[in-house]
Amino acid sequence: MSYLGYPDFFEPYIKKVEQTRPARIEKRKKGEEFPFMSLQERQDMLRYHPDYKEEGRREIKVGPSKGYRIAHEFVDLLEAKSRVDPNKVDLSRVDYEADVLVIGGGGAATVAALIAEENGAQVLVATKLRHGDSNTMMAEGGIQAATKREKDSPYYHYLDVLGGGHFKNDPDIVAAFVKQAPDALQWLERLGVMFTKFPDGRLGAMHGGGTCRKRMHYCADLSGMEIMRTVRDEARNRKNIKVLEFSPAVELILNEHGQCAGAVLYNMETEEYLVARAKAVILATGGSGRLHVQGFMTTNHYGATADGIVLGYRAGVPLSFLHTVQYHPTGVVFPEQIEGWLITERFRSEGADVLNVNGEKFVNEREPRDVESARFIKECLDGKGVPTPTGKVGIWLDSPMLDILHGEGRVRTAFVGKWKVYYRLGIDISRAPMLVYPTLHYQNGGLKDNAECETGLPGLYVAGEVTGGLHGENRLMGNSLMDIVVFGRIAGKNATVFAREKARDGELTLKHVKAYHKELKEAGIVADRVAPMLLPDYTTAEVKEKQLTVSYLGTLR
Amino acid sequence: MSLAYYPGCTLKTRARNLEEPAVASMEALGFKLDEVPRWNCCGAVYSLADDDLIHQVAPVRNLIRVKKQGKNELVTLCAFCLNTLKRANLLMRQDVAKRDTLNAFIDEGIDYSGEVKVVHLLEVLRDEVGWAALSQKVKLPLRGLKIAPYYGCTLLRPREIAIDNVENPTILGEFLKALGASPVDFPESTRCCGSYQVVSSPGDIAEYTRPILNSALKNGAEAMVLTCPLCDYNLGRGQKELAKKQSGFREMPLLYFTQLLALALGLGPQVCHFELNHGSPESLLKEKHLLSQVESFQPIGGQK
Amino acid sequence: MSTKQRKRKPAKTAVKEEKKIAAKLIPIYIMGKRYEIPEGLTIMKAMEYAGYILIRGCGCRGGTCGACGTVYRKPGDYKLQVALACQKTVEPDMYIAQIPFFPANRATYDFAGLTAAPEEVFKLYPELFRCVACNSCTKACPQGIEVMDAISALKQGNIAQAAQLSFDCIQCGLCTSRCFGELAQYHMFQLARRIYGAMIVPRAQHLTEMVKAVGEGRYDRFLEELKRTKEDELKKLYEEREVEPMAAGEDWKPKDRRYL
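Chains as they are written, first to last, in the working numbering: chain A, 1 to 557; chain B, 1001 to 1304; chain C, 2001 to 2260.
Honestly, I wouldn't trust all of these hints.
In silico BS3-like links for lysine-lysine, alpha-carbon gap of 30 Å or less [unchecked claim]:
| hint | chain 1 | residue 1 | chain 2 | residue 2 |
| --- | --- | --- | --- | --- |
| 1 | B | K1067 | A | K197 |
| 2 | C | K2079 | A | K66 |
| 3 | B | K1067 | C | K2079 |
| 4 | B | K1012 | C | K2123 |
Keep in mind the hints are simulated off the structure, nothing from the lab.
Chain A with its partners taken away, still in its complex shape (with noise of 0.2 Å):
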């Protein structure tokens, strides 16, 4: 028994949706919005965001950012141990050998590694899962440049940024940034990436939270897949770039000069941990979703799990933004089947409103994206949200009012991807509503790097995901997917000049990792964990308690 593809349970709360339906699309015809919050009224309402609960985090005790307070899951990470005891791995037989070397495998990474082929460097990159398992293959909105002269320039393009970011964000890589946008979109135009356009070849553009200007662009509902395919397979077309699979780097090495110098690698499927010597590091491993900090559920990859941040950090790369990650406001929560999973902020950037169990708007759509999580949650905690007969609760998101202010068949055009999936789980979302509650989506801050994204370790360039400055504090939406290839192109051209003129040849040595040892010893941290994690563990307790030996996590010998 089901209504609309929901169980029975649903049905009063549907019908409350479908009430208020015709009055609020009226509303929308007519231009009318929800009123925006102030920026003080905004800053009140992150009271309820996670970020700001400080049960949630603690000081680190070791290391560059020695005091920083960031969520308890990002802690036990950094106050562990390497995966291998330095003193065991052999620098002296190096197995691959680079100009370049690309840790990760997914936007960033594959850009940084064509850019870096382009200008001469022999690039070997070594990655987790497949070449194109990430969080930019997942992204689904849209990315963002200010295209169109007539009423947008990179100068709005910055305020939407800091205004997104609390105005915390760092100016020189935030200036980067917006002006080297629109040259980035046009180098993904030319490599196929198939977006969006009008048939005179103009880019459909629209809103995201926090944009002042429509200057989101996207390729369907599936953007970031369409671009992550596309630039893997320019990567496959380059004979100078070898990809590594299934070989993640659990530990940077540096060079007798200071210099990082290549990495540890370790084979997953061999468990063999092998050496890597290169002129110029680019560290580009994405996200951490699947910390699940503070045990919020995540739309990130299987692989999001910090390894960068743990590898640089370790390396001597201070922290910076890593106290606020980003709650996607639109996360499933029923069905279960797909619950986490991510829905696009296009379906409200085309008028799709956000609801309470009393079918009513509470907030605009298009808040930024932590104070419309933060509003979300609040709502909830009202007792205003949906319940669940999975005893959650949630916001309705109204899919439905797409097909009548745009036409009929626009969600199942438009959002072909969502549309699909659902419609396998028996809902139709052109004519039901979509439930949803915040969910973790985006590592805000990472290893501190500048605008050329140099870190303060010669030789170790960072990109995406893992840096942390452009978004400040808070990422607009459509700003990561723009953000892995203006970064990626860069790191890629600087860490080639670096490999060209500034590597030099010395000795290799793990020292930095013994030293960390040491200091976590000094400060009294007796824990036998060990990172980088590589994948999160889902089996159960009642599994586990009888795996004896799990090799994966690290056979410490």
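Got chain A; can you put chains B and C on it based on the hints?
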């Protein structure tokens, strides 16, 4: 009137000069060529192997989709597609065991037993329009144009699927007459052009096509009319080689029957895509005043 | 295992595990081996419940990366079913095998040197013409793409149609694993989409103009100014900035044009 229509892959790429004039001409004659939804390759060549049913899947699936389209007759333009589709259709009518296997495998939710009638556009012109009626619609008679009608194999062989008398076909000749042209009979008009031999032994093409071309020329043809892109390819390529090898050999324009139809119906040269032809008919058509002196065959804007 | 232990874990996991215990158990067969699994789990979560630690066959866990292509059969049914392990809910008596990798021929090409002519695709992938229209690819597609139709479109030189039909392709390779003609459809579609995106759809003229303006340094001064602006002043600029209305059409223009 709407006719279920099967174009074939080549007509969408290399042989647009076979398809586009046909679509325009039939519209002028009051017929809409309605493409079979989701058609796939015809199978390209009819498989003669007894135990190789998989190669019948493609043509049979197309026929099933005609049935799903709600039609019981299918029109083709390419003689090769006609041949493949019609023979597969025959198999579905005649061989019960194979029919059952194919139906079960194809899994389209329809049991098919050869009930769609597959015809060539020439048959539609002959049987549904009629030569006399066609000739009345001609606005620009192709007077004085001496054309050799070339049938090749696929319209006529095997006998069971022939669109005309196997020994002494006249359909192309009648067609040319209706358009006001002068058909040139020649004994090699049903001789094979070499067909798929061009794939395995491209060097032999000149030898296959030499007797055909020479015979047509000897009998006074100024051009040759064709129904098949593969014949066009082989004869066109054969001509080029013969021109190099055989002194005094003269290349002649090779034209699709649909191009002549469109021209005669007064639809103009643009729809005919003469620029895609082997051996440009431009000077011949100008000489016969079938093309104004200023017109030329430059591709229209934007097309490569 | 005691409930106490579980309660010490973060809230999310605790809630989930309580539920698992309450759920009815059903039998499934992972590569022929029987496990009892709570109903309602996806194939992927069921394998993890059984104790598998996935290295291969697991990627985004959200239905877009193509890592977890899975085939299964149910007793008494000859039909082979396909699914993404992260998307499909387990059913009793399923026989499951993942196909995390399948060899596929991929042509390499100099993309910038290609044109939109169909012959380019034919030359790089001559095996395209080995398709016998058996439709096994379409049946094997967990995305419900009309794979065979897209291949037909390519043979017909209709790159645009192949690109559009295949747009949802997650490149899991299940079509390739089932292809009678030994085609690697998903690589061909990737090529088609890139040709379509770069060479068939018109380029965005306004983008070229913006890139030019940026290159000429038109916005450098504004950005330098912003970089020097203090937070309070920035907040004012931010609050006062003109917001393009949601309902605005393509022709909307702002009143303040100083920073354009």
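To see whether the hints hold, each was checked on the structure:
no.: 1; hint: B:K1067 x A:K197; in the structure: violated, 37 Å
no.: 2; hint: C:K2079 x A:K66; in the structure: violated, 60 Å
no.: 3; hint: B:K1067 x C:K2079; in the structure: holds, 25 Å
no.: 4; hint: B:K1012 x C:K2123; in the structure: holds, 17 Å
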